[in-house]
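Undergrad: Residues per chain, in single letters:
2 protein chains.
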Amino acid sequence: MSDLKKLFNPQSIAIVGASQERGKVGNVIAKNILELGYAGKVFLVNPKHEKLFEKKSYRSLTEITDKVDLAIVVLPSKIVVPIIREASERINLYTNSKNYNALKNKLGLTDIKEKIGVGVKNFVVVSAGFSETDEEGKARETELKKLAQEKGLNILGPNCLGFIIPKLKLNASFAGGLPKAGNISFVSQSGALAVAIMDIARKENIKFSNIISVGNKMQVDESEILEYLAQDGETKVIGMYLEGIKNGPKFIEVAQRVSMVKPIVIIKAGKNEKTQKAIASHTGALAGSADIMEAVFQKTGILRAENLEDFFALIEFISVAKPPKNNQVAVITNAGGLGVLTADAFNQKEIRLFDLNEKTKKELREFLPDESSVENPVDLLGDAMEDRYEKALQVLDAEKEIGSILCVLTSQDQTPVGKITDKIIEFKNKTDKLVATIFIGGERVEKSISKLRENDVPNFLFPDLAVKTINAYYNWSVNMSSIQNKELAINIERKNKVAEIIAVAKKEKRGALSFPEASRIMALYGIKTPSVINIGAKDILPKEIGFPVVMKVDSDKVLHKTDKQGVILNIKNQAELEKAHAQMQANFPGENLILQQMRSIKTELILGIKNDSIFGPIVVYGLGGIYTEVFKMVNFLVPPLNIQEIKNSLLQSKIKFLFAETRGQKAYNVQELAEILLGLSKLAQEALEIQELDINPLLVYNDNKEAVAIDVKIII
Amino acid sequence: MSDLKKLFNPQSIAIVGASQERGKVGNVIAKNILELGYAGKVFLVNPKHEKLFEKKSYRSLTEITDKVDLAIVVLPSKIVVPIIREASERINLYTNSKNYNALKNKLGLTDIKEKIGVGVKNFVVVSAGFSETDEEGKARETELKKLAQEKGLNILGPNCLGFIIPKLKLNASFAGGLPKAGNISFVSQSGALAVAIMDIARKENIKFSNIISVGNKMQVDESEILEYLAQDGETKVIGMYLEGIKNGPKFIEVAQRVSMVKPIVIIKAGKNEKTQKAIASHTGALAGSADIMEAVFQKTGILRAENLEDFFALIEFISVAKPPKNNQVAVITNAGGLGVLTADAFNQKEIRLFDLNEKTKKELREFLPDESSVENPVDLLGDAMEDRYEKALQVLDAEKEIGSILCVLTSQDQTPVGKITDKIIEFKNKTDKLVATIFIGGERVEKSISKLRENDVPNFLFPDLAVKTINAYYNWSVNMSSIQNKELAINIERKNKVAEIIAVAKKEKRGALSFPEASRIMALYGIKTPSVINIGAKDILPKEIGFPVVMKVDSDKVLHKTDKQGVILNIKNQAELEKAHAQMQANFPGENLILQQMRSIKTELILGIKNDSIFGPIVVYGLGGIYTEVFKMVNFLVPPLNIQEIKNSLLQSKIKFLFAETRGQKAYNVQELAEILLGLSKLAQEALEIQELDINPLLVYNDNKEAVAIDVKIII
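Line by line, the protein sequences give chains S and R.
Take any residue in the first sequence, count from 1 to its spot, add 44: that is its number in this note's numbering.
Take any residue in the second sequence, count from 1 to its spot, add 44: that is its number in this note's numbering.
It is worth saying that the hints were derived from the structure and are not from the lab.
Careful, some of the hints might be misleading.
Because identical chains cannot be distinguished in the list, a pair is counted as satisfied if it fits within a single copy or across any two copies.
[Said to hold, decoys possible] Result set (DMTMM-like, lysine to aspartate or glutamate): computed pairs, CA atoms no more than 20 Å apart in a straight line:
1. Lys68 x Asp427
2. Lys75 x Asp457
3. Lys393 x Glu353
4. Lys582 x Glu622
5. Lys582 x Glu736
6. Lys463 x Glu498
7. Lys405 x Glu94
8. Lys122 x Glu415
9. Lys211 x Glu79
10. Lys605 x Glu705
11. Lys366 x Glu620
12. Lys551 x Asp110
13. Lys587 x Glu622
14. Lys700 x Glu673
15. Lys572 x Glu750
16. Lys122 x Asp414
17. Lys491 x Asp457
18. Lys700 x Glu552
19. Lys75 x Asp500
20. Lys68 x Asp457
21. Lys251 x Glu179
22. Lys491 x Glu248
23. Lys700 x Glu107
24. Lys247 x Glu487
25. Lys435 x Asp738
26. Lys224 x Glu487
27. Lys366 x Glu498
28. Lys550 x Asp427
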């Protein structure tokens with residue numbers, strides 16, 4: 045991984061393409077860096093001028109004899125590569141130049157070559173005209189990337205807005221203004237969205253540690269930035285707007301690690317076909333399938349925001365709040381109706397309305413009017429003054445099992461909003477519970493909401509958003525403790541055996557393995573398949589087999605056998621067998637045929653491996669049978685996996701009902717299925733040649749019979 | 045129905061319990077009515093004072109000799125009934141009083157009795173202390189309701205905030221202030237929420253025709269108010285906050301009728317158990333099951349808001365926008381990323397991103413830079429000035445098939461937000477398409493958003509909310525045209541036959557019908573059941589039956605037979621039959637046993653009638669089998685119904701996959717199932733004695749075999 049610390053904490057910056065001409069990007073960036081209070085050294089580079097902003101204007105980066113931590117490049121795309129090459133090689137140029145001695149003395153070195161790092165290593169390429177455009181642009185980006193690797197450079201962009209570090213008063217971007225310094229890092233694949241967010245932040249008093257526009261993510265991608273921000277002491281929460289993910293496996297590994305340290309909130313664009321189209325024309329990134337993305341987010345503990353509103357709410361909330369210590373919540377309100385709506389919002393959430401103890405209810409009753417409700421939500425009534433809020437909070441604070449308290453308020457004519465606000469702030473400062481507010485109204489509550497925010501009490505404009513947001517933060521805190529880094533433990537011997545089997549098929553130019561081949565692979569991973577009698581493509585039928593049997597065509601040319609009448613079930617005697625054989629030979633002349641024993645069906649599952657273009661192999665499992673596509677009761681698992689993780693997934697999956705008694709039906713064996721899925725997961729990691737794998741059906745039983753993979757299709 | 049016109053448009057108001065003491069409800073109401081510009085006559089009633097607010101204070105309502113259109117009662121709950129009784133009988137008092145002649149002359153009548161209506165007929169009872177409290181309060185409310193019926197009074201409340209008609213400058217409530225006059229009617233079962241909404245309205249410039257707090261809805265309930273608002277010329281959209289519904293069948297009938305004229309947006313509190321608890325202590329209303337409520341809203345064309353935020357968005361949007369003329373939407377944006385997020389929001393919506401014609405794309409390309417996207421969403425790029433917005437709108441206007449245009453904007457440094465705003469307003473005023481905006485940002489867009497609102501261009505702060513809201517309005521406009529009033533056509537002869545069958549069982553004190561009885565009823569409604577052989581409770585078994593058969597216990601004492609081993613399947617011969625018989629007799633001594641022919645199972649459905657405490661009989665249908673409870677693939681139908689409505693429901697239901705070919709499986713007969721459901725729906729209307737009905741399973745086939753109700757359980 046590249047060391048991004050210098051890039052994002054430069055002590056000296058050169059702006060290549062600085063300009064005094066209004067409206068030019070080079071002008072905005074220069075002004076942002078020069079005028080907003082950045083304390084480091086700034087060098088302006090523009091060969092057309094002697095001076096810019098009353099400072100010396102250098103003809104080129106190579107002319108600067110001082111150390112340059114970061115160069116921001118705002119040049120036509122065509123000359124970006126040569127300029128960066130020159131700058132990165134500056135030291136060499138100078139060793140060959142007339143200034144050699146002067147430079148050597150200036151840098152205090154005996155031999156200039158001993159400090160090769162003095163060449164500029166960190167770049168922000170603002171210029172557009174790379175992979176987001178045409179073939180020419182793509183070629184340019186490839187060249188730039190090669191250069192970066194060759195010279196060990198860190199390049200943010202190209203085609204980006206730049207970045208902003210409010211604490212350093214450094215706005216190294218062409219977005220105007222400087223947000224307040226705080227603990228939110230916002231990373232955006234859309235420059236425009238970053239600008240909009242800064243505008244919203246000003247109004248809502250949202251404070252940032254970093255705002256980073258990643259542009260085309262040529263080299264410094266979301267994973268590298270996550271890694272950097274995990275270590276950034278100023279950052280508490282990382283918010284990201286992503287359109288695509290550059291390197292899936294790396295992202296999974298890094299995100300999982302970073303999630304354990306800091307919450308990552310992501311809003312991912314690209315949910316449907318139409319959207320994919322828009323993305324393709326927006327940046328060069330490919331969006332992954334929504335379901336797989338969801339599984340990756342789940343696995344890595346990332347908080348996925350469904351939309352922009354949720355995104356803002358989450359990053360703002362996490363920036364000021366501590367995680368709830370448990371899932372129990374108390375709600376107090378001065379409006380019964382809003383209490384009800386708040387209670388509604390807990391529907392299908394992990395956080396719950398705490399059932400108040402009798403002691404607490406009694407204590408509440410002591411000071412509340414008779415018409416109040418001392419159930420949770422506690423209704424303090426419309427005429428509640430600050431004392432009712434204060435006392436109710438005190439009483440609830442004593443309930444050790446409550447993790448969070450939500451204070452709902454509407455401003456009735458007599459409501460002392462300011463005084464209640466003060467009591468809530470006071471309470472928040474001395475309790476260990478999470479305290480948040482839902483103040484609903486307009487002018488009457490506006491000032492108090494600002495005051496709450498200034499005092500780090502998160503306020504929500506609506507109950508739903510409050511409950512949804514706290515729920516997500518709670519889930520993160522729970523997930524965080526359960527995430528483990530899984531070792532990618534490859535069994536080399538087994539891997540080689542699989543490779544051999546696949547090699548044979550490849551040599552014969554088959555696109556899929558035969559059932560016996562697939563069975564041998566399954567056996568290596570502990571997955572049982574039925575024994576078969578291979579009839580082949582011949583006319584001779586075996587004798588003395590135990591009826592009933594199933595006849596199937598087994599050929600890489602007939603992949604959807606059931607749909608094509610390539611399976612004949614329940615053959616009960618020799619006569620039926622001969623008839624079936626004749627029929628199969630007529631329908632599939634020259635193709636291989638097999639016989640399996642007919643099995644009783646209890647429950648059919650479908651299992652498989654899908655090779656995702658971004659994240660690599662993904663394990664899929666769900667309910668099988670004729671309505672598989674209709675019910676779509678499917679879940680995803682992202683390798684590497686351990687048995688516990690798989691069991692957890694199964695017990696929360698869409699087929700979780702199988703693992704509990706249902707109306708007198710015995711439960712199915714979760715351990716057995718977990719082991720089969722673990723086998724598949726290992727196979728996925730060990731045999732990257734597998735393009736696609738389907739076990740359909742896997743028959744499972746709840747009467748101690750072993751699960752068996754009736755059909756296994758492996759596409760290579 | 046009562047005539048609420050006078051109540052909500054009074055030319056004279058008496059405030060009974062008016063007060064000059066600050067903080068008292070009677071003080072706030074008096075000031076609101078006297079000081080905010082109401083032009084009608086106002087009488088203050090308070091026996092403790094001679095004068096109030098420099099006006100005469102009457103000792104009682106009966107002392108006022110003028111006509112009083114509306115009396116607002118702010119008195120201790122105990123004296124509310126006698127005071128209203130007296131006021132409603134005022135005319136009689138006066139005919140017996142010394143003032144008889146004076147009064148007669150004043151009213152210009154020859155005989156005062158000829159105009160009995162002069163007694164006060166319309167009341168707002170603000171006082172609390174009725175059914176929302178204790179038994180005593182409930183009794184008081186019963187008495188008040190009886191009085192209202194007896195004397196033909198209209199009473200809003202009790203336990204309400206009052207109402208506000210901004211156009212009349214009439215604030216007949218104890219909430220402060222007067223919102224701007226507009227076309228939104230807001231009806232609230234929570235007074236506090238009404239106050240909060242008025243506060244938000246001030247800030248957001250939302251304008252109202254009526255704000256009505258319904259309190260306990262003793263007499264004037266949601267249905268009566270809907271009826272009134274349907275006729276109110278000032279109202280374009282009706283928004284309601286409801287915790288419970290008073291009279292379900294009446295509500296269905298009225299809402300269905302009103303929906304065809306005006307959109308009704310409802311936010312209904314009470315989704316889960318916890319919530320139900322909170323409601324019970326909040327008002328006396330009972331909340332219905334969420335699923336049934338959903339079915340009722342669907343049937344009646346009501347727009348259900350999921351939460352407060354959606355509610356505000358919907359009523360605000362509808363108040364200014366016209367319904368989209370179709371489901372095709374175009375999006376233009378100056379930020380690609382936001383274009384993508386907006387496109388995402390169309391996921392699973394009825395409104396769609398329109399596929400732009402080649403001609404349109406060509407026209408867009410003519411003036412847009414190369415890097416722009418001319419796919420929908422159209423990306424005008426971050427440096428777009430007003431001319432690009434203007435031209436893009438012009439080009440899109442020419443596409444006849446586009447119904448709505450969404451303009452997305454973020455304010456980049458160079459963006460002329462004000463000028464773009466003007467172009468959008470200009471465009472909106474001349475196009476027949478729906479135009480809405482999504483301006484994302486803070487200070488930079490604030491003024492323009494206000495300007496958009498002033499010019500009736502709805503703006504949304506986030507893409508999701510915009511798409512969700514437009515989608516809901518579109519759905520209303522489509523539903524509106526499909527809603528038909530269904531005749532409740534009762535077949536008396538059939539009704540009597542059903543009643544006879546049920547009467548027999550009731551006489552025998554059975555809680556459920558026997559299978560033969562249930563079969564006879566099914567036959568009346570065209571639902572086929574299998575023929576049975578009744579064994580009875582005896583030892584003699586029939587001979588010469590066609591095996592295989594099923595033996596079942598048929599008794600109102602064994603309702604969940606399958607769970608209790610009361611069904612023995614697949615009896616193949618006489619020996620098995622005898623064994624089964626012995627087993628059944630042992631398990632269910634003295635209970636009736638029946639035999640049915642064993643049938644092949646293709647697909648099992650479950651059908652039924654549920655008697656909802658609010659809405660009466662509801663028809664339920666869904667997928668049967670052992671996982672019925674797990675999959676919950678169930679839909680609801682609200683009678684009265686016609687065949688087309690049922691077919692539409694089936695084709696959009698959770699079992700819609702049955703009616704299309706799926707992986708070589710033939711489609712099931714939708715007409716057949718619709719007719720069975722129509723039968724059930726008629727039965728539900730004709731036999732109100734039925735508490736519950738289950739057909740489980742109904743076997744359906746896709747090979748021309750007839751559907752058959754294998755088991756029918758009718759609880760009476």
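Undergrad: Confirm or reject each hint.
TA: Okay, the hints, checked on the actual structure:
no., hint, result
1, Lys68 x Asp427, "between (58 Å within a copy, 11 Å between copies)"
2, Lys75 x Asp457, "between (50 Å within a copy, 13 Å between copies)"
3, Lys393 x Glu353, "both (19 Å within a copy, 19 Å between copies)"
4, Lys582 x Glu622, "within (13 Å within a copy, 50 Å between copies)"
5, Lys582 x Glu736, "neither (30 Å within a copy, 62 Å between copies)"
6, Lys463 x Glu498, "within (16 Å within a copy, 35 Å between copies)"
7, Lys405 x Glu94, "neither (78 Å within a copy, 46 Å between copies)"
8, Lys122 x Glu415, "between (76 Å within a copy, 17 Å between copies)"
9, Lys211 x Glu79, "within (15 Å within a copy, 53 Å between copies)"
10, Lys605 x Glu705, "between (34 Å within a copy, 18 Å between copies)"
11, Lys366 x Glu620, "neither (71 Å within a copy, 68 Å between copies)"
12, Lys551 x Asp110, "neither (61 Å within a copy, 106 Å between copies)"
13, Lys587 x Glu622, "within (11 Å within a copy, 40 Å between copies)"
14, Lys700 x Glu673, "both (18 Å within a copy, 13 Å between copies)"
15, Lys572 x Glu750, "within (8 Å within a copy, 41 Å between copies)"
16, Lys122 x Asp414, "between (78 Å within a copy, 17 Å between copies)"
17, Lys491 x Asp457, "within (16 Å within a copy, 29 Å between copies)"
18, Lys700 x Glu552, "neither (42 Å within a copy, 45 Å between copies)"
19, Lys75 x Asp500, "neither (33 Å within a copy, 39 Å between copies)"
20, Lys68 x Asp457, "between (53 Å within a copy, 11 Å between copies)"
21, Lys251 x Glu179, "neither (40 Å within a copy, 55 Å between copies)"
22, Lys491 x Glu248, "both (12 Å within a copy, 16 Å between copies)"
23, Lys700 x Glu107, "neither (67 Å within a copy, 73 Å between copies)"
24, Lys247 x Glu487, "both (15 Å within a copy, 6 Å between copies)"
25, Lys435 x Asp738, "neither (62 Å within a copy, 52 Å between copies)"
26, Lys224 x Glu487, "between (25 Å within a copy, 15 Å between copies)"
27, Lys366 x Glu498, "within (16 Å within a copy, 41 Å between copies)"
28, Lys550 x Asp427, "neither (80 Å within a copy, 53 Å between copies)"
In summary, the numbered hints that this structure violates are 5, 7, 11, 12, 18, 19, 21, 23, 25, 28.
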